[in-house]
Structures are given as structure tokens and as C-alpha cells.
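Chemist: Top line first, the protein sequences correspond to chains A and B. Counting from 40, one number per residue, gives the positions in the first sequence under our numbering. Counting from 13, one number per residue, gives the positions in the second sequence under our numbering.
Quick caveat, the hints were computed from the structure, so don't treat them as lab data. Since we're looking at a predicted model, the values are computed, not measured. There's no promise every hint is true.
As the list claims (entries may be wrong) - Straight-line distance between alpha carbons at most 20 Å, and here's what the computed PhoX-like set of lysine-lysine pairs gives:
#: 1; chain 1: B; residue 1: Lys91; chain 2: B; residue 2: Lys108
#: 2; chain 1: B; residue 1: Lys291; chain 2: A; residue 2: Lys207
#: 3; chain 1: B; residue 1: Lys333; chain 2: A; residue 2: Lys102
To be verified - Each pair of labels, with its calculated beta carbon distance range:
#: 4; chain 1: B; residue 1: Asn138; chain 2: A; residue 2: Asn163; range: 52 to 58 Å
#: 5; chain 1: B; residue 1: Ser141; chain 2: A; residue 2: Gln187; range: 46 to 52 Å
#: 6; chain 1: A; residue 1: Lys147; chain 2: B; residue 2: Val233; range: 55 to 61 Å
#: 7; chain 1: B; residue 1: Lys349; chain 2: A; residue 2: His148; range: 38 to 44 Å
#: 8; chain 1: A; residue 1: Val107; chain 2: B; residue 2: Ser141; range: 54 to 60 Å
#: 9; chain 1: A; residue 1: Gln119; chain 2: B; residue 2: Gly202; range: 56 to 62 Å
In this text, a Cβ means the ideal position worked out from N, Cα and C, and glycines have one as well.
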Amino acid sequence: MIKYLVAIMIFISCFSISIISSAGDQNYLHSELDYEFQVPTGSNTPTIYPLETKKKVRFVDDKYMREVTYVIERESQIEQYKCSNCHLDGKNKKIKGQKPPHDHIVLKHGDAGQFTCFDCHNENKRDVLKNNFSKDVSFNQSASLCYQCHSSQFKDWSNGAHGKRIGKWVGERVIYNCTQCHNPHDPGFQKRMPLAVPKMRGVTK
Amino acid sequence: MSMKSVIQSIFNKEEKISKSDAPLNLKTLTGVDGVPSGATDFDQEKLTSKGMSRRSFLGFMGATALGAGAVASAGPAIKSDDKELVLLKMKEYFQKNYRILSEDERKVIIERLERKAKLADDLTLNIKSTEARPDTQYGYALNLSKCRGYGDCVVGCREENDLPEDGSMDYIRVLEMDKGTFTMKNKSIGYVEEVPKDEKYYLPMQCMHCANPPCVPVCPVGATWKEKDGIVVVDYNWCVGCRYCEAACPYEARRFNFKTPSVPKEKINQDQHYLGNRKRMKGVMEKCHFCVHRTREGRQPACQEACPTGARVFGNLLDPKSDIRWILENKTVFRLKEDLNTQPQFYYYVD
């Protein structure tokens, strides 16, 4: 009896050798170093940056927080940084044959006409921002500028209920800064197509 | 010659045959070397020397070889790799429940799985058997004010756990619900328009990893259980596929493999856990396992990492300094179907 059983099992296992076909599409979650989200155009949702390739900097105002907090360094992600390459001594360098580089920016922050550029940007030192007390704020530390108005969001962000923690859930606390997710000139999230269209049994539309 | 003596002589003959030949060794017969031996259930003695003579055993092996050759239709003989694979698969049938195995036994079955993947699919896997961290109860908090139904978490989970791309087995489902209501009447899952819609809110659902899970006691074979850190897991090798747990779960969090999962080789996640995202078979249950291969090493689950709005928070409920504890203490928090006393560890909160 046992020999028949074993013979049947061997047959089953021979049949069950699965044939795996190949298809080319990159896998973004598996490689630690270079994954990116394919976000449809017209969206301002952020791409996901791996922790290894981005530097972290300590958040300057983490004395208001429960534990030591790091944020992702921002300056290297700004395309035209450093700003003082063009904005020198209160004058704007113009390159012939090139369109003004900031023309695409439309300020949709707050009510129409409520803000101007120099409410946040430092007119004299273009490489940094400035807060309401005309103190310099680094581009890396944008949260300490934003919380002047958005205090309730800052409270949630500093305690983990707003924003996103990256890396590990335990140990060193590294979180996204405000500008990692929100475009400061247009902070709202845009509508876009869902990435996944699930197909489930027994689901009626 | 009487009937009795005839029978006796036949028995004596058989005895002679079995005595003259030394007990057979399956390894030498099949030409397999380097198979992880040790604490496996496969009993060579039973198969060879006891209920079977040498002749009949050889005959049955020959028939098997013929059958396998016909299936593969590759050539007249089987390669030694194929023989080893068949043997490994056979040993897997006699494996014990993962919970009662010692550490060495677990090592053996995991080595076998890795070798099997190498032979069958040419994959170099890293299957872990990481134990639960001490003083840890995993919890999940999801901000319903922030979720916009983009579905990135669904795709992240799919990639991480080698789920089919058509979405038929997704662990996470994002329900599109009417604002201001909490009924399942007008829910929609297969939405394809731009999100978020103005009149809708989005409610992602997955396994709640209940403190009092109704799916665990109904299992007739004990193939699913709650780990010490609160994760409800399935031993896919021990599962018989009766689907009682699927019926018992009030959140519809469990998925059944109606067919053999087939994922392209390039897409298979090589970072695996025995209780997590290793290869599932046809006819077994599977479910969200809080990315056990990631979270037990301190990393975030894949859905949290994929979420573009930061609506998902993962953490340790026993750590009073953790983010999730602050949320539970300071936010408006609720759980789904609390009246069933399942005590889910998956919390929803609003700003």
C-alpha cells in the first residue's frame, strides 16, 4: 500500500514543477537603492526616496518633540540650488536665450494674493528661507518655517500622526519634512488615477 | 506436498532474497548527494526494507522514472537535478507543523526550500525564520483623513509578497465609501476614476491581526496561529485548504489559492520568511502577515513604505514612547466591528 502512495506522490510532484515565464518590468520595492514610484503625470505626489541615498539632517527644533528627530536633506533635491549662483548681490543674472527659470511657479498657497515670494524666501540671502522674525531658515529645515502658521499640523507631525516615518519603525527616528510631500507653492494633493485596480471575487460595482 | 509446506517455501524464498541483499539506501539508488539530512520525517527504512522487496522497489522506481520522463518529454533519462528535486518534494510531504519543530529542524526545512527553489526555478532565496522580538505587540494605525485611495499600498504589497498582478489575491482592499456613512451598501472596490472623488472617502482594509482572532480556533489542523508579537500567520505546508478560516474572518482578510501562483521569475522577492511571503502552493490559505520578514528586523511594512500620503503608521503597542501610542492616546480612534470582540490591532483615526 505504501509503495502505491509514494508512487502517486512522485507523480504529483513531477506534474507540479511550475513553469515560470519571464516579463520585463522593474521592481521598485525589492532593490533598496534605486526604487521610485511611477506616478502618473500631472500629479504632485512625491516619489519615494530610499534612505540610503539621501542624507539625513537633525531637525533644529526637535526640542519641542518627544525624541531626537532627523529629516531628509532637501538642498540636494532642488534642481537649481545654490540660488546664489544666479542671484548675486541683489541682482538677478540673466542668461541670453534662456527663459526665466521660475516662470512656471504659480503661487496657490493660501488665498489668492495673500502671499508673495518674500514672505518665505529671503530677499537678501537667497540660499536660505526666512521666518516671520526675519531669522534664517535652511531649506533642509522647512518645518520650522511652516509651523508658524500650521501649528496643529506640526503637533501631529512631531508626534507621528501626520507625515511619514521612513527607514525603521524602531530606533532612530527619521521622518519626511513638509516639502517632501507638499509642494510649498501648491501644497494640496492633486487628484490622480489609482495605481491599483483590484479585481476581487464577489465584488459588484 | 501439502498446502502448508508450499506456503512455507514461498515465505522462505522471500526471506532469502531480503536477507541476501543488504538493506537498500535510497540515496545511492537515486544518486543524490548533498541532500540536507537530519530530522526529517521521511523514513527510508519503511520505504525500502520493510513492506517491500528489492525487486518490487526497483520496479516502482523504474515506473516512476518512465512516468517522469514522459511528462518532461525532454529525453530518455532524467537529470540528476530532477531526481533531487523529486526527492526534496517528497520529503516536504512528510514535514511536521512548523510550531513544534526545533531550531535545527527549522533550519533543515528552510535549507530544503532554498535548495528546491534553486533547482526548480534557479532562484537564490534567503528564507528567514526570525523569531518574534521580545516585548512587542505590533499595531497599525491608519489616518482616514489622509487616505486618498491612490492604491499605492496595494501595489506595494503585491510587489513585496509576490501576489498576481491582476489583483485577484490582494491582501489590501481599498473600499470607496459615501461620505458621512458607514454602511457597506454603496461601497465600491473596483473604482477606476480619478481619486479622491469629492463625495467619497476611502477605507483600506486588510488583516486586523486581532488579539482574539476568530480564524485561529476554527482551523481543524492548527495550521494558523497567533505569534508572540501578535502576527497571525499560516504554515502553508500544514494547511489543508478547508477554508474554515476564510469563513470565520469577519473582515474578509484571508485569500485562497485556487490555482498555483505564477509570478515572473524577475519579480520574485528574494527576501522571504517561512511564515511570510515564501512561495505558496495551490490549495492553501494566505493572508497579510504584517511583512513579517521586514518588521521583525525593524523595517516598516511594504504598505507603509509605499503610501504617498503618510496615512499609515506602524509600531509597537507596548512601547509607551512610540508614535502609535501617541495616536491612540490623543486622536479619535476606532476599530472595525468592535462588537464582535475580535479586538483588532488595526486602528483607524481621523485628524
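Chemist: Evaluate each hint against the coordinates.
Modeler: Verification of the hints:
no., hint, result
1, B:Lys91 <-> B:Lys108, "violated, 29 Å"
2, B:Lys291 <-> A:Lys207, "violated, 26 Å"
3, B:Lys333 <-> A:Lys102, "holds, 15 Å"
4, B:Asn138 <-> A:Asn163: 52 to 58 Å, "holds, 55 Å"
5, B:Ser141 <-> A:Gln187: 46 to 52 Å, "holds, 51 Å"
6, A:Lys147 <-> B:Val233: 55 to 61 Å, "holds, 59 Å"
7, B:Lys349 <-> A:His148: 38 to 44 Å, "holds, 41 Å"
8, A:Val107 <-> B:Ser141: 54 to 60 Å, "violated, 33 Å"
9, A:Gln119 <-> B:Gly202: 56 to 62 Å, "violated, 43 Å"
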